[in-house]
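So the sequences go chain by chain: A and B.
Residue numbering for the first sequence follows our numbering, starting at 1 and increasing by one per position.
Residue numbering for the second sequence follows our numbering, starting at 1 and increasing by one per position.
In case anyone wonders, no lab produced these hints; they're calculated from the structure.
Careful, some of the hints might be misleading.
Stated by the list, open to error - Cross-link-like lysine-lysine pairs, in silico, PhoX-like; alpha carbons within 25 Å at most:
#, chain 1, residue 1, chain 2, residue 2
1, B, 4, A, 284
2, A, 97, A, 51
3, A, 372, A, 270
4, B, 2, A, 235
5, A, 235, B, 14
6, A, 297, B, 14
7, B, 13, A, 297
8, B, 4, A, 283
9, A, 297, A, 206
10, A, 556, B, 4
11, B, 42, A, 270
12, A, 30, B, 6
13, A, 270, B, 13
14, B, 6, A, 225
15, B, 4, A, 297
16, B, 14, A, 283
17, B, 6, A, 556
18, B, 13, A, 284
19, A, 179, A, 217
20, B, 14, A, 537
21, A, 235, A, 284
22, B, 6, A, 270
23, A, 270, B, 17
24, A, 551, B, 42
25, A, 551, B, 4
26, B, 6, A, 235
27, A, 284, B, 42
28, B, 17, A, 283
To be verified - To give a feel for the contact side, a few chain B residues facing chain A, derived at Cβ under 10 Å:
#, residue
29, 34
30, 38
31, 40
32, 44
33, 48
34, 62
Built from N, CA and C at the ideal position, the CB exists for glycine as well.
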Amino acid sequence: MNGWMGKLLRVNLTERSVTEEPIDVEVWRKFLGGRGFGAWVLYHEVDHTVKPLDPENVLIFATGPLTGTTAATPGRFSVTTKSPLTGAITDANSGGKWGVYFKKCGYDALIVTGKADTPVYLTIFDDQIEIKDARQVWGKDVHETTDILEETEGKGTSVLCIGPAGENQVLIAAIMNDKDRALARAGVGAVMGSKNLKAIVAKGTKKIEIADPERMKFVTYEANKLVRAHPITSKGLPEFGTAVLVNIMNEAGIFPTRNYQDSQFEGAEKISGESITDQILIKKSGCWGCIIQCARKTRTRNEEGEGPEYESDWALGANCGIDDLEAITEANYLCNKLGLDTISTGGTIACAMELNQRGIVDTGIHFGEAHKLKEIIRKIAYREGIGAELALGSKRFAAKYGAEQYSMQVKGLELAAYDPRGAQGQGLAYAISNRGGCHLRGGFVIGPEILGAPRMIDRFASVGKAGQAVRHMDLGAAIDSMVVCRFSTYAANEFVWARLLEAVTGVPYRSQEVMLIGERIVNLEKLYNLREGFSRKDDTLPKRLLEEPIKSGPAKGRTVNLEPMLDEYYQFRGWDRNGVPQAKKLTELGLEGLING
Amino acid sequence: MKIKAKLFASLRKKLGKSECELDLSLGSRVLDAIRELNLSEKDSYVLMLNGIHCQMDQELTDGDVLSIFPMIAGG
């Protein structure tokens, strides 16, 4: 096969069995791989009777036809599962090198099910697959585990693992790979922990066949030229990293501060991408094969590590009222080592701070207390003291005290770093995201609303935002399935990706089909969530964003005008007014026969 | 009239400062501020006047704060 390796691996940890099977070519053509393939498997293999931490839940690690090729930003892969944090479908996406190393073993995907009776790790060296005793690394942090397994299994391998947070089934635990890259969101690390699976070590030597190597050379040259020429991918991201967004969001008055109580942070400059570059940056870095290089190798007075990225910088910084860049950076390092999602960790701590501020419960931490950040993070990972409650995420924590309105989440997933009251389309995007309060799965409408990418639109208008969200969602779902990096889409549109897909796979993809694949994936994920009992009432936002106007700044007085946008969105999608995809739409997408169809 | 210009990301290195005051004649527009700063008017920017996005032809008034960003992204 070309682009795809043609095989997938199934590992049943209960039975300790490993099987190999050919991929269903039609399914992979229709869903590409990555997130799309994950949604297909989860829909068919994990129904509403399976609880997320049951052995019957699956972890679907999947690459795509562009993973490991010369396409711009080819170092990515994804994991899909039923989230223990939200109960919804979730996929998480990461870079680094693990996805490429795994694919070069000759497989497109790895489906893990069951639960080992004792902690184990997997090794995948081409077609030599073993389930091994993980006692020597159980309890170790992500960096220690990676070092030990690289030593044990040989240099040149790539290690994906959970930290103590995943082992302890903390509902905001991440899966980490190559030490500091994260499959972060919605508690995927807890699912891996529930299976007693500590790590997956991969190294492959197989060649990824390309259908038309000459054409691939040409299209790669074209795509890379676009990436190298675009000011965002050639300058903004490599020079300042993703945290370059701090100042622009703050200037626009949509930089959530102190658990979204304020929308401008007085300490923004101190934690900005510019300050990171001036004060702690050692060098830029990037994922396998990437020409953008947006990651940051940094150093504080005490430690060296990676980050912070924009979302982490905000979540552990402004959202907690903290302007101490070194404290934020070290908190980020610690989250990486313990295997925690930085966005949900910051969001949950901010919620704990607000409940303390309001005298609802003494959580022992106040806004701005940078010196307590690392300790509370550690407590979350080990479920100690207040950490045991925060380990369940902000929604469950706040609900315990009858204060759910102070949990800034959608469907249980903590929100990201944009206050949608000053960017209406992003409000819609948060509400409709299939994995909950995510800034990407419902569309990164901040692009056109704030960054002028691809073109500027009125951020305060609510009319017309459904179309913006849909376009970003559908292209994003296809990108997450190829699997390449979202950042490359600033420079290269669906026409470029269709040409790359065609050159790699030999399948005559066209730009419209790329968008249709994205739409198919979003619809399938929606069907999954409907079967789990989600409905229109879950496509909503925290009360604060709907009812409390922004207090000051350029977006003063604004709330999110959600309902008309939601109606427009469902209509745009060809769904009924309850958000249920209709038979005609499902037939159009080749999803006929699935529920409600 | 006087306005404050705030500069971000690569523009700081380019101009060697993060903000400055500009003394412009009445009726000046954003484009005039860009020229006054010796920035290329052909480059793409994200421009905000007092935190609200604006275009090059927007008229300035005394005391305005003009934030100038190169094209950036993240997330």
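Against the structure, the hints:
Restraint check: the Cα-Cα separation between residue 4 (chain B) and residue 284 (chain A) comes to about 32 Å, which exceeds 25 Å; the hinted pair is violated. Taking the CA atoms of residue 97 (chain A) and residue 51 (chain A), the gap is near 31 Å; set against the 25 Å cutoff, the hint is violated. Taking the CA atoms of residue 372 (chain A) and residue 270 (chain A), the gap is about 19 Å. The hint holds against a cut of 25 Å. Between residue 2 (chain B) and residue 235 (chain A) the CA atoms are separated by roughly 31 Å; this puts the pair beyond 25 Å, and the hint is violated.
At roughly 13 Å between alpha-carbon atoms, residue 235 (chain A) and residue 14 (chain B) fall within 25 Å of each other, so this suggested pair holds. Distance hint between residue 297 (chain A) and residue 14 (chain B) is fulfilled; the C-alpha atoms sit about 24 Å from each other, no more than 25 Å. Between the alpha carbons of residue 13 (chain B) and residue 297 (chain A) the distance comes to roughly 21 Å, so the proposed pair stays at or under 25 Å and holds. Annotation: proposed proximity of residue 4 (chain B) to residue 283 (chain A) is violated, straight-line Cα distance about 33 Å (limit 25 Å).
A hinted pair counts as satisfied when its Cα atoms are at most 25 Å apart, and residue 297 (chain A) with residue 206 (chain A) does not qualify at roughly 31 Å. For the proposed pair residue 556 (chain A) and residue 4 (chain B), the alpha carbon gap of about 21 Å is at most 25 Å, so the pair holds. With a C-alpha separation of about 31 Å, the suggested pair residue 42 (chain B) and residue 270 (chain A) falls outside the 25 Å cut-off, and the hint is violated. The hinted pair formed by residue 30 (chain A) and residue 6 (chain B) fails the criterion: a straight-line CA distance of about 48 Å is larger than 25 Å.
For the suggested pair residue 270 (chain A) and residue 13 (chain B), the alpha carbons sit about 17 Å apart, so the restraint of at most 25 Å is met. Annotation: proposed proximity of residue 6 (chain B) to residue 225 (chain A) is violated, straight-line Cα distance about 31 Å (limit 25 Å). Taking the CA atoms of residue 4 (chain B) and residue 297 (chain A), the gap is near 34 Å; set against the 25 Å cutoff, the hint is violated. A distance of roughly 20 Å separates the Cα atoms of residue 14 (chain B) and residue 283 (chain A); the hinted pair therefore holds under the 25 Å criterion.
A threshold of 25 Å between alpha carbons decides the hint, and for residue 6 (chain B) with residue 556 (chain A) the separation of about 21 Å falls inside it, so the pair holds. Our distance criterion of 25 Å between C-alpha atoms is met by residue 13 (chain B) and residue 284 (chain A), whose separation comes to about 18 Å. Proximity of residue 179 (chain A) to residue 217 (chain A) is assessed by CA-CA distance (about 32 Å); at most 25 Å being required, the pair is judged violated. The suggested pairing of residue 14 (chain B) with residue 537 (chain A) is violated, with an alpha-carbon distance near 50 Å, which exceeds 25 Å.
About 12 Å separates the Cα atoms of residue 235 (chain A) and residue 284 (chain A), which keeps this hinted pair within 25 Å; it holds. At most 25 Å may separate the alpha-carbon atoms for a hinted pair to count; residue 6 (chain B) and residue 270 (chain A) meet this at roughly 15 Å. A hinted pair counts as satisfied when its Cα atoms are at most 25 Å apart, and residue 270 (chain A) with residue 17 (chain B) qualifies at roughly 16 Å. Restraint check: the Cα-Cα separation between residue 551 (chain A) and residue 42 (chain B) comes to about 37 Å, which exceeds 25 Å; the hinted pair is violated.
A threshold of 25 Å between alpha carbons decides the hint, and for residue 551 (chain A) with residue 4 (chain B) the separation of about 24 Å falls inside it, so the pair holds. The hinted pair formed by residue 6 (chain B) and residue 235 (chain A) meets the criterion: a straight-line CA distance of about 19 Å does not exceed 25 Å. Between residue 284 (chain A) and residue 42 (chain B) the CA atoms are separated by roughly 28 Å; this puts the pair beyond 25 Å, and the hint is violated. Simply put, residue 17 (chain B) and residue 283 (chain A) have alpha-carbon atoms about 23 Å apart, close enough for the 25 Å limit, and the pair holds.
With 10 Å as the threshold, the beta carbon of residue 34 (chain B) stays out of range of chain A, its nearest partner Cβ sitting at about 15 Å, so the hint is violated. Taken as an interface hint, residue 38 (chain B) does not check out: its beta carbon lies about 18 Å from the nearest beta carbon of chain A, beyond 10 Å. Against a cut-off of 10 Å between C-beta atoms, the interface hint on residue 40 (chain B) is violated, since the closest Cβ of chain A lies about 12 Å away. The criterion of a C-beta within 10 Å of any C-beta in chain A is met by residue 44 (chain B), whose closest approach is roughly 6 Å, and the hint holds.
Interface restraint check: residue 48 (chain B) against chain A, minimum CB-CB distance 6 Å, threshold 10 Å, status holds. Taking 10 Å as the C-beta contact cut-off toward chain A, the hint placing residue 62 (chain B) at the interface is violated, the least distance being around 19 Å.
Checked against the numbered hints given earlier, this structure breaks hints 1, 2, 4, 8, 9, 11, 12, 14, 15, 19, 20, 24, 27, 29, 30, 31, 34; the rest are met.
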